[in-house]
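Sequence lines, in order, name chains A and B. Its first residue numbered 26, the first sequence is counted upward by one per residue in this note's numbering. Its first residue numbered -7, the second sequence is counted upward by one per residue in this note's numbering.
Hints may be right or wrong, so weigh each one.
With a straight-line Cα cutoff of 25 angstroms, these simulated DSS-like cross-link-like pairs (lysine-lysine) come out [stated by the list, open to error]:
hint : chain 1 : residue 1 : chain 2 : residue 2
1    : B       : 93        : A       : 242
2    : A       : 243       : B       : 110
3    : B       : 63        : A       : 232
4    : B       : 64        : A       : 182
5    : B       : 128       : A       : 131
6    : A       : 107       : A       : 182
7    : B       : 93        : B       : 110
8    : A       : 115       : A       : 250
9    : B       : 110       : B       : 85
10   : A       : 163       : B       : 110
11   : B       : 64        : A       : 219
12   : B       : 93        : A       : 141
13   : B       : 63        : A       : 182
14   : A       : 150       : A       : 163
15   : B       : 64        : B       : -5
16   : A       : 83        : A       : 107
17   : A       : 242       : B       : 128
18   : A       : 150       : A       : 242
19   : B       : 128       : A       : 243
20   : A       : 141       : A       : 131
Reference listing, derived: stretches of chain A covered by chain B, where coverage requires no fewer than 3 residues with Cβ under 8 angstroms from a Cβ of chain B [to be verified]:
hint : stretch
21   : 103 to 110
22   : 123 to 131
23   : 136 to 144
24   : 159 to 166
25   : 209 to 221
26   : 235 to 242
If we take Cβ atoms under 10 angstroms as the criterion, some of the chain A residues that face chain B in the derived model are [what the hints assert, rightly or not]:
hint : residue
27   : 71
28   : 98
29   : 148
30   : 149
31   : 153
32   : 155
33   : 194
34   : 198
35   : 265
36   : 266
By construction, these hints were calculated from the structure, which means they are not laboratory data. In this text, all values refer to a predicted model and were calculated from it rather than measured experimentally. Even glycine gets a Cβ: it sits at the ideal position worked out from N, Cα and C.
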Amino acid sequence: MKKIISIAIFVILASCLFVNQTFILAVTPSIFPSETPNVATNSAKPTIEKDVEVFKEKIATKVAELVKEEKKAFAGRIISFKDNFIEIKKDENTTYSIKIDTTLTKIYQITGQGKKEITLDDLNKDDYIIVTGPLIDKTVNANYIYVDEQFTVLAGKIIETNTEDYSIKVSTLAKEDYILDIETSTKMNMINVKTLEIEKTGFSKLKNNDRVVFVIKKGAKKEEKNRFSASKILVIPQEYFLK
Amino acid sequence: MKKETIIAIFFGGLLGLTVAFFMISKSKEASLQKTKVVTNEAKVTPTIILLDNQLQNLEISQPEDGLIVNKKNITITGKATKDFLIVIQSPIKDIVFKNTKGSFNVDFPLALGENNIKILAFSDNTQLPFQEKDLKIYYLDEQ
């Protein structure tokens, strides 16, 4: 009888163990396959080779970061000169110091689609410049400097048209109002509501509530704040929205 | 083998299997409870997808803002709500088209130096404000 009981206990335990193990393997297969090959790989690969690979990866990442950093452009208006350093202001809160190497740094003036090489002496206060080169602690070691014009593209809704001085008042999404002077040089275009073609237009066609996308040249000095001469205007007439 | 031994093995096995199946069924219940949580999340998702389908925010996937290139044009790739009017303007070029597919891919010319590009998406409905994105792309031929 004792023998029978011990056999029965053994068989119970054996079946429990067998079924449980099969179930665990079936439910959580990811634990075993992911760990097993890793252990095999780790044991097969010498530690030094693994370290070299990690080191190589780190170097490659750092090089990629440096290349990306060097590919960055810094643009702003010149606010001061000191020896071989220029200070530029990007916006109200950001300034950069530009270090110029008189033998290495190349300086160009952009003229339309071309450029001409100039010297450091040709740069003036308030010039808008684009600088490329590595940035180290807010100082850019300039490789190239381009003197350019600063254009800004904005969009909004016409809220006022003034036929006396040929200006329009535009309210942007940011709730900022701009007064745009329409000059004879201003390129004025309008979208044809039916064909969506861009067609030339005139000041008399502008109406309140038309949407406009416009280009202004910054740095052009005007007495009134937010008043600019428009370089270009594209009008989306209100009829487009009433179709 | 004795008859008693065979009976003991049979009943032992039977009992073992019963215990094992009891444990399996318990584990399945636990896993079903976990699945219920996933099902609840899945119920929420279609509502979000539906909203997304109605209004797609203007997104520009390419090029990256601040990019420096040494070629005269770039490809602007993005997404906006289907049938919205897309307007792309820079100091040298204007492009206007209807976003019939929901996504767009257009070649855009660059001027030497800094290129400020504004991309806008207009709805037919004036109640919806237009959406806008700005890109600064630098075409610098010495790079």
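Checked hints:
1. About 35 angstroms separates the Cα atoms of residue 93 of chain B and residue 242 of chain A, which puts this hinted pair outside 25 angstroms; it is violated.
2. Pair hint residue 243 of chain A plus residue 110 of chain B holds up; C-alpha atoms about 16 angstroms apart against a cutoff of 25 angstroms.
3. Distance restraint check for residue 63 of chain B and residue 232 of chain A: the Cα-Cα separation of roughly 39 angstroms exceeds the 25 angstroms cut-off, and the hinted pair is therefore not satisfied.
4. Taking the CA atoms of residue 64 of chain B and residue 182 of chain A, the gap is near 32 angstroms; set against the 25 angstroms cutoff, the hint is violated.
5. Between residue 128 of chain B and residue 131 of chain A, the direct Cα distance comes to roughly 22 angstroms. Compliance with the 25 angstroms bound is thereby established for this hinted pair.
6. Simply put, residue 107 of chain A and residue 182 of chain A have alpha-carbon atoms about 44 angstroms apart, too far for the 25 angstroms limit, and the pair is violated.
7. Using a Cα cut-off of 25 angstroms, the hinted pair residue 93 of chain B and residue 110 of chain B holds, with the two alpha carbons roughly 21 angstroms apart.
8. Taking the CA atoms of residue 115 of chain A and residue 250 of chain A, the gap is about 19 angstroms. The hint holds against a cut of 25 angstroms.
9. Our distance criterion of 25 angstroms between C-alpha atoms is met by residue 110 of chain B and residue 85 of chain B, whose separation comes to about 11 angstroms.
10. Of the pairs offered as hints, the one joining residue 163 of chain A and residue 110 of chain B is violated, with about 28 angstroms between alpha carbons and a cut-off of 25 angstroms exceeded.
11. For the hint pairing residue 64 of chain B with residue 219 of chain A, the CA-to-CA distance comes to about 32 angstroms; that exceeds 25 angstroms, so the pair is violated.
12. A C-alpha spacing of about 44 angstroms is found between residue 93 of chain B and residue 141 of chain A, which places the hinted pair above 25 angstroms, so the restraint is violated.
13. Our distance criterion of 25 angstroms between C-alpha atoms is broken by residue 63 of chain B and residue 182 of chain A, whose separation comes to about 34 angstroms.
14. A distance of roughly 20 angstroms separates the Cα atoms of residue 150 of chain A and residue 163 of chain A; the hinted pair therefore holds under the 25 angstroms criterion.
15. Distance check on the hinted pair: residue 64 of chain B and residue -5 of chain B sit about 94 angstroms apart at the alpha-carbon level, beyond 25 angstroms; violated.
16. A C-alpha spacing of about 38 angstroms is found between residue 83 of chain A and residue 107 of chain A, which places the hinted pair above 25 angstroms, so the restraint is violated.
17. With a C-alpha separation of about 15 angstroms, the suggested pair residue 242 of chain A and residue 128 of chain B falls inside the 25 angstroms cut-off, and the hint holds.
18. With a C-alpha separation of about 17 angstroms, the suggested pairing of residue 150 of chain A with residue 242 of chain A holds against the 25 angstroms cut-off.
19. Distance hint between residue 128 of chain B and residue 243 of chain A is fulfilled; the C-alpha atoms sit about 15 angstroms from each other, no more than 25 angstroms.
20. Only pairs whose Cα atoms come within 25 angstroms are accepted, and residue 141 of chain A paired with residue 131 of chain A is accepted, the gap being roughly 11 angstroms.
21. Proximity of the stretch 103 to 110 of chain A to chain B, defined as three or more residues with a beta carbon under 8 angstroms from a beta carbon of that chain, is not established by the 0 residues found.
22. For the stretch 123 to 131 of chain A, the assignment as covered by chain B is violated, since 1 residues bring a beta-carbon within under 8 angstroms of that chain's beta-carbons and 3 are needed.
23. With 4 residues bearing a CB less than 8 angstroms from a CB of chain B, the stretch 136 to 144 of chain A meets the requirement of three and the coverage assertion stands.
24. Under the rule that three or more residues need a Cβ within less than 8 angstroms of chain B, the assignment of the stretch 159 to 166 of chain A is violated, with 0 such residues.
25. For the stretch 209 to 221 of chain A, the stated coverage by chain B is satisfied: 3 residues place a CB nearer than 8 angstroms to a CB of that chain, which reaches the threshold of 3.
26. Residues of the stretch 235 to 242 of chain A lying with their CB closer than 8 angstroms to a CB of chain B number 3, which satisfies the three-residue condition for coverage.
27. A hinted interface residue such as residue 71 of chain A counts as satisfied when its beta carbon comes closer than 10 angstroms to some beta carbon of chain B; here the least separation is about 41 angstroms, so the hint is violated.
28. The beta carbon of residue 98 of chain A is positioned within 10 angstroms of a beta carbon in chain B (closest approach about 4 angstroms), and the interface hint is therefore held.
29. Using the Cβ-Cβ criterion of 10 angstroms, the hint placing residue 148 of chain A at the interface with chain B is not satisfied: the shortest such distance is roughly 15 angstroms.
30. Annotation: residue 149 of chain A was flagged as interfacial toward chain B, and the flag is violated, the nearest CB pair being 17 angstroms apart, outside 10 angstroms.
31. For residue 153 of chain A, the shortest C-beta to C-beta distance to chain B is roughly 8 angstroms, which falls under 10 angstroms, so the interface hint holds.
32. Checking residue 155 of chain A against chain B: minimum C-beta separation of about 6 angstroms stays under 10 angstroms; hint holds.
33. Nearest Cβ of chain B to the Cβ of residue 194 of chain A: about 18 angstroms, over the 10 angstroms cut. The hint is violated.
34. A least Cβ separation of about 6 angstroms between residue 198 of chain A and chain B falls short of the 10 angstroms threshold, and the interface hint therefore holds.
35. Checking residue 265 of chain A against chain B by beta carbon gives a least distance of about 7 angstroms; that is within 10 angstroms, so the hint holds.
36. Of the supplied interface hints, the one on residue 266 of chain A holds, with its beta-carbon coming within about 4 angstroms of a beta-carbon of chain B, less than 10 angstroms.
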